[in-house]
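Chain B: place on chain A using the hints.
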Amino acid sequence: MLIGLPFETFAIVGTAFLGATAVLFAWAMTFKEDRA
Amino acid sequence: MIEPVTAGIVALYLLVLVVVGAWASRKIHNTEDYIVAGRSLGFWVFTILMISSICSGMTLLGVSGLGFTSGWPTIWEQLFVPLAASFCIIVFGVKLHRISKKNDYMTVEDYLANRFESPRAMRGLAAFAGIIVSLIYLIGQYTAISIVLVWLFEVPHWQALLLAGFIITAYTVVGGLYAVSWTTVIQGGLLIVGVIAIAPVLIMKAGGLSHINEVMAGVNPTMVQPYLISGNAYTPWFLVSFGLMLTVGLACAPHVINNVLAAKEERYFKWSPLIAFAAYAVIMLLVKFAGFAGRTLVEEGQIVLPSVPNAQDYIFVSGIQYAIPNLWVWSFFAVIVLAAVMSTTDRLMLTVGTMFSWDIWKNIFRPEASDREILLVSRVSVVLAAGGTLLLALNPPQMLAWLMWSAIGIMLSTFAVPLIAGLYWRGATRQGAIASMVIGLVAGGSLGYWYYLVEKFPVHFSLYAVILSAVAMVVVSLATHKTDHRVLDATLTGGFIQPR
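So the protein sequences, as listed, match chains A and B.
When we follow the working numbering, the leftmost residue of the first sequence carries the number 60, and every step to the right adds one.
When we follow the working numbering, the leftmost residue of the second sequence carries the number 6, and every step to the right adds one.
A hint or two may mislead.
[Said to hold, decoys possible] Restricting the straight-line Cα-Cα distance to at most 25 Å, the calculated cross-link-like pairs of lysine-lysine (DSS-like) are:
no., chain 1, residue 1, chain 2, residue 2
1, B, Lys32, B, Lys269
2, B, Lys210, B, Lys269
3, A, Lys91, B, Lys269
4, B, Lys106, B, Lys32
5, B, Lys269, B, Lys106
6, B, Lys107, B, Lys487
7, A, Lys91, B, Lys275
8, A, Lys91, B, Lys107
9, B, Lys275, B, Lys106
10, A, Lys91, B, Lys106
11, B, Lys107, B, Lys269
12, B, Lys107, B, Lys275
[Unchecked claim] According to the in silico footprint, chain B covers these stretches of chain A (three or more CB under 8 Å from chain B):
no., region
13, 66-79
14, 82-92
It should be emphasised that the hints constitute simulated quantities derived from the structure, not laboratory data.
Being a predicted model, the structure only gives us computed values, none of them experimental.
Note that the Cβ used here is the ideal one computed from N, Cα and C, for glycine as well.
One chain only, chain A, in its complex shape:
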C-alpha cells in the first residue's frame, strides 16, 4: 500500500504520468529549430 493505494493503482497511474513526462522531455531534447 502506497499513500493508501493498492500497488497496482500506484504503479499504473505513476507509470503513465512519468511516461508522458519522459516522452515530452525526449521531444525537448530532440527538437531542432529551423534556422533557414
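Below, chain B alone, put in the same frame as chain A:
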C-alpha cells in the same frame, strides 16, 4: 449577502481585466494584431495561453466533483487534458507555425483552404463547423460562469450572466488576442498560484493522502482502482476512447489550435509541450485530490454538501470553507474560480469572431474588404456571439456536462482527420477532406445525441465518429484526383513532424 471584502476583491479583479483590455487596444493597428496578436506572443504568454484556453469553466468545480463521486478511476482526465496542449504544439504547432509565418495565415482555415486547394468550400465548411462547436462550448462556459457568480454574489442568474458577459465582451472586443492573452496570463497565474496554495491545505486538513485513500477504499474499493472492470465508463476500452477525445479533440479545437499561429518564435515549441503539461497536470491533480479530500470530510461528517442536484460540484467550495475559514482566502478563491471560467470564454468568443470576419466575410463574401472593415465585423461578431450564447445560457440545459463533452467529441470527429491527414499524408485530397469533415460533423452530432440521451456505448461516441471520418478521408482520397505536388511541398506535407 456577499461580504464587502469579497465584493471588493472581485471588483478589483474585473477592473484589472478591463484596464488590460484598454491597454491592449492601443496595440491594435490591423487585423493581424487583432487576430494573432501580431504573431508576437512570448514563451510564457504563449504557454499559459495554451493551458488557459483548455482549462475550461468546469476545471475547478467539475474535476473535484468527479473525484468526489468516483475516485481514482477518473484520474486519467488529469493526464489526457494536459496532454492536449502538448499534442497540439507538437503534432500541429511545429508545422502550422512555420507554414503560417511563410504564408501569412491568420487562422487554421487559411491552412486548410490552401492545403486542400479549396478557398471557398473547405474554408467555409471548416469555419461553419468551428463556429457551431465553439458556440455550443461557449454556452457551457457561460452557464458555468453564471453558476459561480450566483454562488458568489447571491444574485439572480440573469444578472450574473449580464455582468460576466459585459466584462468579458468589453476587453475581448477592444483588445483582441492581445487582451485575451494578457488577461489570460493574469488568470492563469492566479489559478496556478491559488490552487498550489489552497488545495494542499484542504488535503492536509482531511488527514493527508494516505488517510484519504483508505477512507475512499472503505466507502467502495473501486474508488482506489485505476480503472473499472464493468459498466460503461472508466473501463480500459472506454479510457482509450476518452483519452483520444480529450487529448486529440481539445488539441484540434479552434480556440486552442489557433494559438500556435500567434507564437513569436518556433524555438518555444521545444520546451512549451513539457512545461504546459507539467504545470497543468500539477494543477489538475491537486484539484482532483481536493475532491478526494472532500469525500473523506463528507464521509467523516465534517462537511455537508448542499442538497442540490449537482451537489458534488460544490465539494471544492465547501471543502475550502471548512479548511480555511478566512474571508480573504475565500475571496481570493472566488477570484481563482472566476479566472478559470473566464479564460476559456474570451478565447472562444474571439475565435468565433475571427472565423466569421476573416474566413467567411473576408475570404468568401467580400474579398475587397479593408482591414478596418474586417476589424469592425470581427468586433460585431464577438458581441453577437456573446449576446446569442448569453441568451441561450439564460435557460441552461439540464445536462451542462452533456453539452460540454459532446462539443469536445464533435471537435475531434470534425477536425482531427482533415488536420492530421492534411499535414502528414500527401495522398489526402480536397474531396477526401470535405467528406471526412462533413461525415465527422454529422456522425459526431448524431452519435453524441444518442450516446448521452438515449443509450450509452461501451466506448465514447466520438471514437466511432472519428473512425467514420477517417474511413471517408481514405476512401474518397484514394478515389479522387491527387493534389498538385507543388502545393504539397509548399505546405510541408509529409510523414514527418519537424520539416526536413
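Against the structure, the hints:
1. B:Lys32 - B:Lys269: holds, 16 Å
2. B:Lys210 - B:Lys269: Outside the cut-off at roughly 44 Å; violated.
3. A:Lys91 - B:Lys269: The hint holds at about 16 Å.
4. B:Lys106 - B:Lys32: holds, 20 Å
5. B:Lys269 - B:Lys106: holds, 10 Å
6. B:Lys107 - B:Lys487: Holds - the C-alpha atoms of lysine 487 of chain B and lysine 107 of chain B are around 24 Å apart, at most 25 Å.
7. A:Lys91 - B:Lys275: With Cα atoms ~8 Å apart, lysine 91 of chain A and lysine 275 of chain B stay inside 25 Å; holds.
8. A:Lys91 - B:Lys107: Measuring from Cα to Cα gives roughly 18 Å; hence the hint holds.
9. B:Lys275 - B:Lys106: holds, 18 Å
10. A:Lys91 - B:Lys106: Roughly 17 Å separates the two Cα atoms, so the pair holds.
11. B:Lys107 - B:Lys269: holds, 13 Å
12. B:Lys107 - B:Lys275: This hinted pair holds, its Cα atoms lying about 20 Å apart.
13. 66-79: holds (count 7)
14. 82-92: Holds, because 7 residues of the region 82-92 of chain A bring their Cβ atoms closer than 8 Å to Cβ atoms of chain B.
In summary, the structure is inconsistent with hint 2 from the numbered list given earlier, while agreeing with all the others.
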